[in-house]
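Sequences listed follow chains A and B, in order. Quick note: the first sequence uses numbering that gives the first Met the number 0, first residue 0, plus one each step. Quick note: the second sequence uses numbering that gives the first Met the number 0, first residue 0, plus one each step.
Derived by calculation from the structure, the hints in this document are not laboratory data. Backbone N, C-alpha and C define an ideal beta-carbon position, used for all residues, glycine too. There could be a bad hint or two in this list.
Said to hold, decoys possible - Reference excerpt, derived from the structure (chain B facing chain A, CB under 8 Å, subset only):
1. Thr51
2. Gly73
3. Phe80
4. Tyr83
5. Ser84
6. Phe86
7. His88
8. Gly98
9. Ala102
10. Gly108
11. Tyr138
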Amino acid sequence: MRRLLNVRPSRGGRFFLGFFPLAAVAVFYVVASGARHAANNSDKLLPTPGAIWAAIERMAFTVDPLKGAIPLVVDTAASMERLLLGMGIATAATLIIGLVIGLLPLVRAGLGPLVAAIAVVPPIALLPILFIAMGLGEASKIALIVVGIAPFMIRDLASHVAAIPEEQMVKAQSLGGSTWQIALRVALPQAMPRLLKCFRLSLGPAWVFLISAEAIASDVGLGYRIFLVRRYLAMDVIIPYVIWIALLAVAMDLIVLWISKRFFPWAHSARES
Amino acid sequence: MTAPVLSFRDVWVEYGDKIVLEKVELDVAPGAFVSIVGPSGAGKSTFLRLITGQETPTRGRVLLDGEPLSPEPGPERGVVFQRYSVFPHLTVIDNVVFGLDCAGSPIAGRLFGAKRRAAVEQAEALLAQVGLTHSLRAYPAQLSGGMQQRLAIAQALIRRPRILLLDEPFGALDPGIRLDMHALITDLWRDHGLTILMVTHDIKEAFKLGDRVLAFDKRRHDPQAPHRFGSTAVYDFALTEKTRAVPKEMEGLLPRGETAA
Numbered sequence: 000m001r002r003l004l005n006v007r008p009s010r011g012g013r014f015f016l017g018f019f020p021l022a023a024v025a026v027f028y029v030v031a032s033g034a035r036h037a038a039n040n041s042d043k044l045l046p047t048p049g050a051i052w053a054a055i056e057r058m059a060f061t062v063d064p065l066k067g068a069i070p071l072v073v074d075t076a077a078s079m080e081r082l083l084l085g086m087g088i089a090t091a092a093t094l095i096i097g098l099v100i101g102l103l104p105l106v107r108a109g110l111g112p113l114v115a116a117i118a119v120v121p122p123i124a125l126l127p128i129l130f131i132a133m134g135l136g137e138a139s140k141i142a143l144i145v146v147g148i149a150p151f152m153i154r155d156l157a158s159h160v161a162a163i164p165e166e167q168m169v170k171a172q173s174l175g176g177s178t179w180q181i182a183l184r185v186a187l188p189q190a191m192p193r194l195l196k197c198f199r200l201s202l203g204p205a206w207v208f209l210i211s212a213e214a215i216a217s218d219v220g221l222g223y224r225i226f227l228v229r230r231y232l233a234m235d236v237i238i239p240y241v242i243w244i245a246l247l248a249v250a251m252d253l254i255v256l257w258i259s260k261r262f263f264p265w266a267h268s269a270r271e272s
Numbered sequence: 000m001t002a003p004v005l006s007f008r009d010v011w012v013e014y015g016d017k018i019v020l021e022k023v024e025l026d027v028a029p030g031a032f033v034s035i036v037g038p039s040g041a042g043k044s045t046f047l048r049l050i051t052g053q054e055t056p057t058r059g060r061v062l063l064d065g066e067p068l069s070p071e072p073g074p075e076r077g078v079v080f081q082r083y084s085v086f087p088h089l090t091v092i093d094n095v096v097f098g099l100d101c102a103g104s105p106i107a108g109r110l111f112g113a114k115r116r117a118a119v120e121q122a123e124a125l126l127a128q129v130g131l132t133h134s135l136r137a138y139p140a141q142l143s144g145g146m147q148q149r150l151a152i153a154q155a156l157i158r159r160p161r162i163l164l165l166d167e168p169f170g171a172l173d174p175g176i177r178l179d180m181h182a183l184i185t186d187l188w189r190d191h192g193l194t195i196l197m198v199t200h201d202i203k204e205a206f207k208l209g210d211r212v213l214a215f216d217k218r219r220h221d222p223q224a225p226h227r228f229g230s231t232a233v234y235d236f237a238l239t240e241k242t243r244a245v246p247k248e249m250e251g252l253l254p255r256g257e258t259a260a
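For reference, chain B alone in the conformation it holds in the complex (with noise of 0.2 Å):
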């Protein structure tokens, strides 16, 4: 087995006496597309919030590549919300080349000249793979909840990240769009041979874009003192294409008012 990309080895998050994570154990492997679900309040934000950097465990340790995890959001772990990921004063081609400014420019905060053209040529190539060439000069308020979640994407990939994170982004979305931004994220997954984590409600999107779910909860219920207890991840599916359909034991995960559709 090759080297994981992300490790989990123990991982406890407590606020005050009230425990969210307990004993979080594992390995994702680089290649991999994680779907993490769970009913709400199991943890799954928290899961990602660590991941991010938002929030450091209480106990434990997160590795990336081996090594210990910036405590602070850094450009090796690219995100996308379900909303606000993008910026509403930048325009389309802005918002992407703004990863690259960051990259290059550490004083002026902006790429200038041949390196402008460049970074732009970059992100140009990019959004063209998201399918937004024709809104390059817009700003992110005059673009559909759709296109403006595939601009996220493609903000999130200019970095090349080695990690991407997805939490709850087609949450917001029509149906019909979400259909073609699974495709969308499916493609982009193959070809960049991203590693990618997703959170989702959806548990039917969980199981037809992961190849690898992840189902939070709680492993043990105490009804005098139910915040004692923290959520981990109670089941750990590897998806092969035989075995896409949600299975059984899955359907009575998420009794608390979740629906699976």
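Extracted from the complex, chain A is given alone in its bound form (with noise of 0.2 Å):
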């Protein structure tokens, strides 16, 4: 007999196992909602399957009178610009600061502590002072993302960084070249995928701080959206948004693993793809 450690699931076994779950999740819902029903018709607070489509051709198919729009869309866009943009400046500050830190000591010394007291700030904390200092528009919401991730994306790309082996970089050295042509060429291609990596597992926090903003103060997006139908308890328009945050994020997340293997093969061992 095989020890369980090392029983492995053949590709349709895995799907079938991936798809399993999931699938058992929406039955057991529409179990519950059924029963619920049953006893209530007008229970809000685990719409049936129609009830939530209904909401859906509502939100996402239907152009909403007073605003002339179609709600779903303009909630993503909405919320859509503000994560890529926070996320857009986190990363860039990132691959700047991230990689400067981890390459020059000297740098290390002046910058590592400041960077390592903000990231433990609580950055919701923070949102506050953003507020006051920005007001309540859409640039204290991309600072409270960038405030959020940054400075943990700054450490672990630093970090990763400082850890490329001393021979690489005597042997860098060894061959003639220079600070910028070492930061250029060695530093900064084994920082990128890395960098990432970071960017994919940011994408959770980010959407968190976006949402926690669009809650607290705002006029339009998904985090806006969900909050102010809570007041109605429409489970059946929060569930369908819920799903949708999820989706897009997994598609964000599958987009920027597509870019790291398609534009650095050798950071992906074999086994991986």
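Take the two lone chains, each set in its own frame, and fit them into one complex as the hints suggest.
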């Protein structure tokens, strides 16, 4: 008998094993919803699939006569703009600051403690400061995402760059590389796949900060919408919105993974792909 | 005698009150193949790090062609380590072209056009000599350990260094592969007229490849304060074809858990 830890599922088996829990959750929901509606036909907590579909049609395929736009589309556009701007700024800052901190001991001594200090502050605690300093508009929401994820990303990238083996650095110098050439040709390319990995890992926290900021002060956005309809116990809107957010997050994750494999094949072992 | 390539003048290396190397006094002639052996902790690596520029002497001077050695690694000293010598994100050909990129392109860090083609040609010629012609587009992770070391050697030679430093270059390889590498490095040494310093744990390898063997160890030993005496070159053998065998006095030299095989 093989040990359990050596039993690996086949391709089809893996698909089934992954599909089964998802399907089980869906079936469980439908059964529970049916049971609640049998007891009380106007139950709002677990809307029936039909009610959810009606809400999807209302939110995703129907133009809202008051706003003149499809709610899901404007919410998604607003949220994605904030998320991508925030993550873009955080990623760009990480690439420059993290690379320099990792490569240059002088900068590490100077900036390391500052980044470490910022990283331990809970970003949500900074939200009032951001609202006061930048107003309730887009800037403070984007800033919250940046402040929330950039310190973590910078520290991770800096430690990754600092961990490039000394042998490689000596070799590069013995081939005549200057600080600039080594940063450009040795550190930067080896930092890039790690940066993309950091980006993927930071997507989760970035969504948390986005939804929080939108819940507190906003008039459009995915987070704004679900906190707005919460007042009416509108689970039929909240559930599809949450699933939509999950799909967006998965799609972004897969796109960045694809980019990493496409442009940095050496960083992905054959087994992984 | 011709002027030495590399000279050590009364070199000491100390960390705090721990003395690692003491009174190292050596000249290395151009074209020499110097093997460096000795037990662990005898300062072989420190000695090599002095030459690469990763370490500076506490006292004394290291001279390259009569000039004080630059205290950081530079292109006149090529180096091959046991591991991590090649860049994992560059293909075989780009690993070798990198040295020419650095020499010819201070801002962009890479050559373009005709210069790039000339550099690739030069790199290909060198890779052909180490037997990597068929793997030019591969990444190092796709190569075996022996092929990675071949690449590391080609990469180190592209800038035509005055001296080539090898830090246990074949230590991680299978015995058969190691024999191939011995033949390769001997050929390169003769064909390119290289000056080589090689640190090795393998005393047979040291005597087979080198034309001079340095053994590092402590000359004196204080049982109360062992750290107060440093190592130096206690044996210095010039080898000819007749004296390739490991001499008697060397056999007892690696007592502390080191084997000669």
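Going through the hints against the structure:
1. Thr51: Interface hint status for Thr51 (chain B): holds (6 Å vs cutoff 8 Å).
2. Gly73: With Cβ-Cβ at 7 Å, under 8 Å, it holds.
3. Phe80: At 4 Å from the nearest chain A Cβ, Phe80 (chain B) passes the 8 Å test, so the hint holds.
4. Tyr83: holds, 4 Å
5. Ser84: holds, 6 Å
6. Phe86: At 6 Å from the nearest chain A Cβ, Phe86 (chain B) passes the 8 Å test, so the hint holds.
7. His88: Cβ of His88 (chain B) sits 5 Å from chain A, so the hint holds.
8. Gly98: This interface hint holds because 4 Å falls under the 8 Å limit.
9. Ala102: holds, 5 Å
10. Gly108: holds, 4 Å
11. Tyr138: This hint holds: Tyr138 (chain B) lies near chain A, its Cβ roughly 4 Å from the closest one there, short of 8 Å.
The structure shown violates none of the earlier numbered hints.
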